[in-house]
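K.L.:
From first to last, the protein sequence lines stand for chains A and B.
Here the first sequence is numbered in the numbering used here, starting from 1 and rising by one per residue.
Here the second sequence is numbered in the numbering used here, starting from 1 and rising by one per residue.
Keep in mind that a hint or two might mislead.
[What the hints assert, rightly or not] DSSO-like cross-link-like pairs, simulated, lysine-lysine; straight-line CA separation at most 30 Å:
| id | chain 1 | residue 1 | chain 2 | residue 2 |
| --- | --- | --- | --- | --- |
| 1 | A | K103 | A | K56 |
| 2 | B | K42 | A | K60 |
| 3 | A | K103 | A | K68 |
| 4 | A | K68 | B | K83 |
| 5 | B | K57 | B | K78 |
| 6 | A | K68 | B | K42 |
| 7 | B | K83 | A | K52 |
| 8 | B | K57 | A | K77 |
| 9 | B | K78 | A | K77 |
| 10 | B | K83 | B | K57 |
| 11 | B | K78 | A | K52 |
| 12 | A | K56 | B | K78 |
| 13 | B | K57 | A | K60 |
| 14 | A | K103 | A | K77 |
| 15 | A | K77 | A | K60 |
| 16 | A | K103 | B | K78 |
| 17 | A | K68 | B | K78 |
| 18 | B | K57 | B | K42 |
[Unchecked claim] Partial chain A-side listing against chain B, Cβ under 7 Å, derived:
| id | residue |
| --- | --- |
| 19 | P40 |
| 20 | E42 |
| 21 | L44 |
| 22 | L46 |
| 23 | K52 |
| 24 | K56 |
| 25 | F101 |
[Unchecked claim] Partial list, derived from the structure: chain B residues whose beta carbon lies under 10 Å from chain A:
| id | residue |
| --- | --- |
| 26 | F45 |
| 27 | F65 |
| 28 | S66 |
| 29 | D71 |
| 30 | N74 |
| 31 | A93 |
Since the hints were derived computationally from the structure, they do not count as laboratory data.
Please read these numbers as outputs of a predicted model, since none were measured by experiment.
A virtual CB, placed ideally from N, CA and C, is assigned to each residue, including glycine.
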Amino acid sequence: GDSVTQMEGPVTLSEEAFLTINCTYTATGYPSLFWYVQYPGEGLQLLLKATKADDKGSNKGFEATYRKETTSFHLEKGSVQVSDSAVYFCALSGANSKLTFGKGITLSVRP
Amino acid sequence: EPEVTQTPSHQVTQMGQEVILRCVPISNHLYFYWYRQILGQKVEFLVSFYNNEISEKSEIFDDQFSVERPDGSNFTLKIRSTKLEDSAMYFCASRLAPLNTGELFFGEGSRLTVL
């Protein structure tokens, strides 16, 4: 079945550091890929998405590129801020249109 | 901005008790979901609901679980006889369009603690 694997966390960075959060997936067919974010005390929010190979999703300075050859959708940001501290979930939507999530990773950004 | 709201935010219950978690999806949305996240584990799909019936359910969603949309606005998850392993954060979600074109909107979650 479909699955998503995220790198182990938590991740702690200083403000303005470069961020990479790895995500790989296993799915049949051509899934859509998503990053969701959960800020403290809030629900899951869609951060960005990509619906086909080589698409790049971007939002709030975050980017992720759909890499079919490596089955990956790594999240990157060039310069993180304290306000980016949150839990980040990689997810995919397969043929049945339901979301399959990764485990999530907690990012803490120090001033 | 329209949002999905969930109540209660936290419920503590004794094993064997019935629990109802409530959700108010965004008003014009058509597809509804429950997910759960046991502490430290993945967010897991429980059930999807469309056109007043369950469209898909996972292995987790056994006979102890049920969902209802009783009045056109609320979407509830009932656990008939809670077990310790039901302790988790439960997320409700809704969307308007098919997932590949429409965003899934989540509530803040309801934390269930079973003692």
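K.L.:
Each hint should be assessed against the structure and marked as holding or not.
P.N.:
Against the structure, the hints:
1. A distance of roughly 22 Å separates the Cα atoms of K103 of chain A and K56 of chain A; the hinted pair therefore holds under the 30 Å criterion.
2. Distance restraint check for K42 of chain B and K60 of chain A: the Cα-Cα separation of roughly 25 Å lies within the 30 Å cut-off, and the hinted pair is therefore satisfied.
3. Between K103 of chain A and K68 of chain A the alpha-carbon distance is near 21 Å, which keeps this suggested pair within the 30 Å criterion.
4. Of the pairs offered as hints, the one joining K68 of chain A and K83 of chain B is violated, with about 41 Å between alpha carbons and a cut-off of 30 Å exceeded.
5. The hinted pair formed by K57 of chain B and K78 of chain B meets the criterion: a straight-line CA distance of about 14 Å does not exceed 30 Å.
6. The suggested pairing of K68 of chain A with K42 of chain B holds, with an alpha-carbon distance near 23 Å, which does not exceed 30 Å.
7. For the hint pairing K83 of chain B with K52 of chain A, the CA-to-CA distance comes to about 41 Å; that exceeds 30 Å, so the pair is violated.
8. Under the criterion of a C-alpha separation no larger than 30 Å, the hint pairing K57 of chain B with K77 of chain A is inconsistent with the structure, at around 36 Å.
9. The straight-line distance between the Cα atoms of K78 of chain B and K77 of chain A is roughly 40 Å, outside the 30 Å bound, and the hint therefore fails.
10. Taking the CA atoms of K83 of chain B and K57 of chain B, the gap is near 19 Å; set against the 30 Å cutoff, the hint holds.
11. For the given pair, K78 of chain B sits about 37 Å from K52 of chain A by alpha-carbon distance, which is inconsistent with the 30 Å threshold.
12. With a CA separation close to 39 Å, the supplied pair K56 of chain A and K78 of chain B exceeds the 30 Å bound.
13. The suggested pairing of K57 of chain B with K60 of chain A is violated, with an alpha-carbon distance near 34 Å, which exceeds 30 Å.
14. For the suggested pair K103 of chain A and K77 of chain A, the alpha carbons sit about 20 Å apart, so the restraint of at most 30 Å is met.
15. A C-alpha spacing of about 9 Å is found between K77 of chain A and K60 of chain A, which places the hinted pair at or below 30 Å, so the restraint holds.
16. With a C-alpha separation of about 25 Å, the suggested pair K103 of chain A and K78 of chain B falls inside the 30 Å cut-off, and the hint holds.
17. Restraint check: the Cα-Cα separation between K68 of chain A and K78 of chain B comes to about 39 Å, which exceeds 30 Å; the hinted pair is violated.
18. Taking the CA atoms of K57 of chain B and K42 of chain B, the gap is near 17 Å; set against the 30 Å cutoff, the hint holds.
19. Annotation: P40 of chain A was flagged as interfacial toward chain B, and the flag is violated, the nearest CB pair being 11 Å apart, outside 7 Å.
20. At a threshold of 7 Å, the smallest CB-CB gap from E42 of chain A to chain B is about 6 Å, leaving the interface hint in force.
21. Checking L44 of chain A against chain B: minimum C-beta separation of about 4 Å stays under 7 Å; hint holds.
22. A hinted interface residue such as L46 of chain A counts as satisfied when its beta carbon comes closer than 7 Å to some beta carbon of chain B; here the least separation is about 5 Å, so the hint holds.
23. Interface hint at K52 of chain A: violated, since its Cβ lies 10 Å from the closest Cβ of chain B, which is beyond the 7 Å cut-off.
24. Because the beta carbon of K56 of chain A sits about 17 Å from the nearest beta carbon in chain B, more than 7 Å, this interface hint is broken.
25. Annotation: interface hint on F101 of chain A holds; nearest CB of chain B at approximately 4 Å, less than 7 Å.
26. Interface restraint check for F45 of chain B: the shortest CB-CB distance to chain A comes to about 5 Å, inside 10 Å, so the restraint holds.
27. Interface restraint check for F65 of chain B: the shortest CB-CB distance to chain A comes to about 16 Å, outside 10 Å, so the restraint is violated.
28. Interface hint status for S66 of chain B: violated, as the beta-carbon distance to the closest one in chain A is roughly 19 Å, over 10 Å.
29. Restraint check, D71 of chain B versus chain A: the minimum CB separation of about 22 Å is more than 10 Å; hint violated.
30. The restraint placing N74 of chain B at the interface with chain A is violated, with a minimum CB-CB distance near 17 Å, outside the 10 Å limit.
31. A least Cβ separation of about 8 Å between A93 of chain B and chain A falls short of the 10 Å threshold, and the interface hint therefore holds.
Checked against the numbered hints given earlier, this structure breaks hints 4, 7, 8, 9, 11, 12, 13, 17, 19, 23, 24, 27, 28, 29, 30; the rest are met.
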